[in-house]
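Now for the letters of each chain:
2 protein chains.
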Amino acid sequence: MYDGLKGFRDFYPGEMSARREVTDKIEERVRRYGFREVGTPAMERTQMYVDKSGEEIVEELYHFEDKGGRDVSLTPELTPTVARMVVARQQALQKPIKWFSTRPFWRYEQVQQGRFREFYQTNVDIFGSEEPEADAEILAAAADIMTDLGLSGDDFEFRVSHRDILGGLLESLDSDVDTTDAIRAVDKKEKIDIEEYYDLLVAAGLDYEEAEAFDDVLGTDDLDDLVDFAETDRVESAVENLRAVLAAAEDFGAREYCTISLETARGLDYYTGVVFECFDTAGEVSRSVFGGGRYDDLIEGFGGEPTPAVGVGIGHETLSLLCQRADVWPEEEVATDYYVLTVGDTRSEAAEIARELRELGHVVELNLTGRGFGDQLSYADGINAETVVVVGEQDLADDAVTIKDMESGDQKQIPIDEFPPDGGRPTYDDYE
Amino acid sequence: MYDGLKGFRDFYPGEMSARREVTDKIEERVRRYGFREVGTPAMERTQMYVDKSGEEIVEELYHFEDKGGRDVSLTPELTPTVARMVVARQQALQKPIKWFSTRPFWRYEQVQQGRFREFYQTNVDIFGSEEPEADAEILAAAADIMTDLGLSGDDFEFRVSHRDILGGLLESLDSDVDTTDAIRAVDKKEKIDIEEYYDLLVAAGLDYEEAEAFDDVLGTDDLDDLVDFAETDRVESAVENLRAVLAAAEDFGAREYCTISLETARGLDYYTGVVFECFDTAGEVSRSVFGGGRYDDLIEGFGGEPTPAVGVGIGHETLSLLCQRADVWPEEEVATDYYVLTVGDTRSEAAEIARELRELGHVVELNLTGRGFGDQLSYADGINAETVVVVGEQDLADDAVTIKDMESGDQKQIPIDEFPPDGGRPTYDDYE
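Residue numbers (my numbering), protein chains in the order written: chain A, 1 to 432; chain B, 1 to 432.
Note that these hints are calculated values from the structure, not bench results.
Small disclaimer: the values here were computed from a predicted structure and weren't measured.
Some clues are possibly wrong.
Each pair may be met inside one copy or between any two copies, as identical chains are not told apart.
[As the list claims (entries may be wrong)] Calculated pairs, DSSO-like style, for lysine-lysine (alpha carbon to alpha carbon, straight line, at most 30 Å):
hint : residue 1 : residue 2
1    : Lys189    : Lys95
2    : Lys412    : Lys67
3    : Lys412    : Lys25
4    : Lys6      : Lys67
5    : Lys6      : Lys404
6    : Lys404    : Lys189
7    : Lys52     : Lys67
8    : Lys52     : Lys191
9    : Lys188    : Lys67
10   : Lys188    : Lys6
11   : Lys404    : Lys191
12   : Lys67     : Lys191
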């Protein structure tokens, strides 16, 4: 007997059917927004990730030398791959480019609640628009996905910020601040105590008064306070852009799910504009459910023409934790419309009925085992068959079949030329 | 600019939409048969493949030592993984177990027509029935998939055989034959000339007369000839089983696609009963399109209870070659129901209309770029929008929108309270 690898999961049919239902809902929604599916490889050159994220990313990668001597990695995320694809056909592709895909990714990380070494994401990206409508469409599509899954504004919120606000506020201070370290401190704030937070800010170059004032202004409800604090074009235009995105989100139906949260820093080097993270308002899912934002520099960094971009990567594992917490996770079981049960030598007629029912679009199983009546019925029960169609030798002698309702156990013989009808999904109740 | 890896492909939206359509048709068909989707990992311990296929398989594997010191491989096929999953829950799983999944697999091979290093398969398996109905259901589901895709019996055939016929015929000869080598020779027959074929049979231990007689009986149309030639129980029961499977396939609607082809050997060690391969009858796809068969020993070999099994692995790359050859491959382009075009400051009203249309299930895009009328229309044309809904300031002043048919260019103003209606997908023609 073999074991699977730690952090890699097997999904049996019950759990898989729930996951499929959720994935289908997500994809159906983004398709309606005109996002187009792309298919991407599971492996890329390791250098691409190093160039984007620095040498330390290698620690998390499943990377190795292939038989051709290339240093290759299993893809830890989608964005570098789609950026590569945009660059490869940048002249031919009409803008805005709106792409999505659902697939597994791989990172060698500590396995914990909602975090695995193989994990699934639906990525949704827009390339080629710098307008606030693009940011807002990503927010709106993500919000629609959540409500399609049965979640409401009581269950989740999008904490929205702009990358230049934090950086701009820090830059406006008199002290010589290491912005990266300071933003890292803000990222950690919720996980550490306040003294430690202040120590980190001071270590990043702020003096104690600046740290206090900075922390204070981060908590404001009024974006004008930020502009007044910094008195720089950078912060002013960031605030203006954030307001424009929220106004577009209002038109697009997503504003009600958005909270301004300046502490949402969303990593360090990657994002360039509006950023957001989805959180469980009940706090049971302790980490961010998923996040996204604007990354206008990546395509150019990958050797392409300057191309603004905004997107979101929806992680299915944390999303399923939230759905379970909110009690909207689909039932984990298989469903079957009909089991066609044979008694005696009726395979040919039973198979004909099964084929006709399948042509109507139904899920139909029949006897593959040589089992008798009772064992077939028990199997039909196990696959949650709604209706059993008994095709017995006696039924056929009567030019009939017997329809059995599996919930009530009621059954009734009906003429074989009435079953199956030309359409619909007839059950016992249709023949009473 | 980065390159993708050789043998790994990027699928842009046009090609992807065709691939998605084909995958959806395949999966919809097997779901109707009651096959249940499973989700499986991309990585397993290398040892599992070595145990199943021998040390030489390692040459083809993407394998490496992970950071925990395990020798791991990207999955080159599905069967070992599902066998592991069956063994892990063999008591809890009701038989027959009917599973499918569609996913990529990876092998380090020479890239050629229809063969890539990353390739996609839909695997369909039944565990727990040794009855001919199980083999026949695999054949029937595969045949239905082909006809669902628009292929007919003029386009493809299933060449069906039984593993024990070749082995049994060879075993019945007087000479001491190396069966494995002789079957390998049969596998190669179509690719080599007849002298070379005979030489290989002789090298495998047959004398020349035996080779002639063996080759002769392989070409028979009458299965009784095989029984008479071998005069062994093994061949007799193999022939009986093959006949029973074909009789069940007749009832299940798949017999017409099956040709008995004793030379279909389908690998060496893996299969135990009926085997089959799908071929392009026009011969343009020179290799087998896909294949499958019965493998009753694998689950026990993996440490489980003896569990008969039969399945098929449908390779999407060769299948797409066949569909293209037969001119049934779906059109490779994106489709859009509506583009909602803004003129002036109408974003709010346009977004409202877009949302209503999406609620009706349609694919709807709107302006994310700040473009004017002409550029928006050109974009709408590029995404193959069927209908453009113009929401101009003048339209709104008239309490109207303008519906434009993108094929004819005809347009018409209609009252905004009539659009969108409560259902359907209204086009220009609905308002004439």
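Check: Given a CA cutoff of 30 Å, do Lys189 and Lys95 count as a within-copy pair, a between-copy pair, both, or neither?
Finding: neither (39 Å within a copy, 53 Å between copies)
Check: Checking Lys412 and Lys25: alpha-carbon separation at most 30 Å within a copy, between copies, both or neither?
Finding: Classified as neither: same-chain Cα gap 38 Å, cross-chain 34 Å, threshold 30 Å.
Item checked: 30 Å Cα threshold - placement of Lys67 relative to Lys412 -> Neither: 65 Å inside a chain and 63 Å across chains, both beyond 30 Å.
Check: For the identical chains here, do Lys6 and Lys67 meet the 30 Å Cα criterion within one copy, between copies, both, or neither?
Finding: Answer is both; intra-copy 25 Å and inter-copy 12 Å each pass.
Notebook entry, point to check: How would you label the pair Lys188, Lys67 (within, between, both, or neither) given a Cα cut-off of 30 Å?
Noted result: This pair counts as between: shortest inter-copy Cα distance 27 Å, intra-copy 42 Å.
Check: Quick one: Lys188 to Lys6, C-alpha cut-off 30 Å, is that within a copy, between copies, both, or neither?
Finding: within (28 Å within a copy, 41 Å between copies)
Notebook entry, point to check: Between the shortest in-copy and the shortest cross-copy C-alpha distance, which are at most 30 Å for Lys6 and Lys404: within, between, both, or neither?
Noted result: neither (45 Å within a copy, 56 Å between copies)
Note to self: When Cα atoms must be at most 30 Å apart, do Lys404 and Lys189 count as within-copy, between-copy, both, or neither?
What the structure shows: Answer is neither; intra-copy 62 Å and inter-copy 54 Å both fail.
Note to self: With identical chains, the pair Lys52 and Lys67 could be close in the same copy or across copies; at 30 Å between alpha carbons, which is it: within, between, both, or neither?
What the structure shows: Close inside one copy (25 Å) and across copies (22 Å); limit 30 Å.
Next item on the list: Tell me, please, which holds for Lys404 and Lys191 at an alpha-carbon limit of 30 Å: within, between, both or neither?
Entry: neither (58 Å within a copy, 55 Å between copies)
Checklist line | 30 Å Cα threshold - placement of Lys191 relative to Lys67 | finding: Close across copies (28 Å), not inside one copy (44 Å); limit 30 Å.
Check: Which holds for Lys52 with Lys191 at a C-alpha limit of 30 Å: within a copy, between copies, both or neither?
Finding: Intra 27 Å, inter 48 Å, cutoff 30 Å: intra-copy only.
In summary, the numbered hints that this structure violates are 1, 2, 3, 5, 6 and 11.
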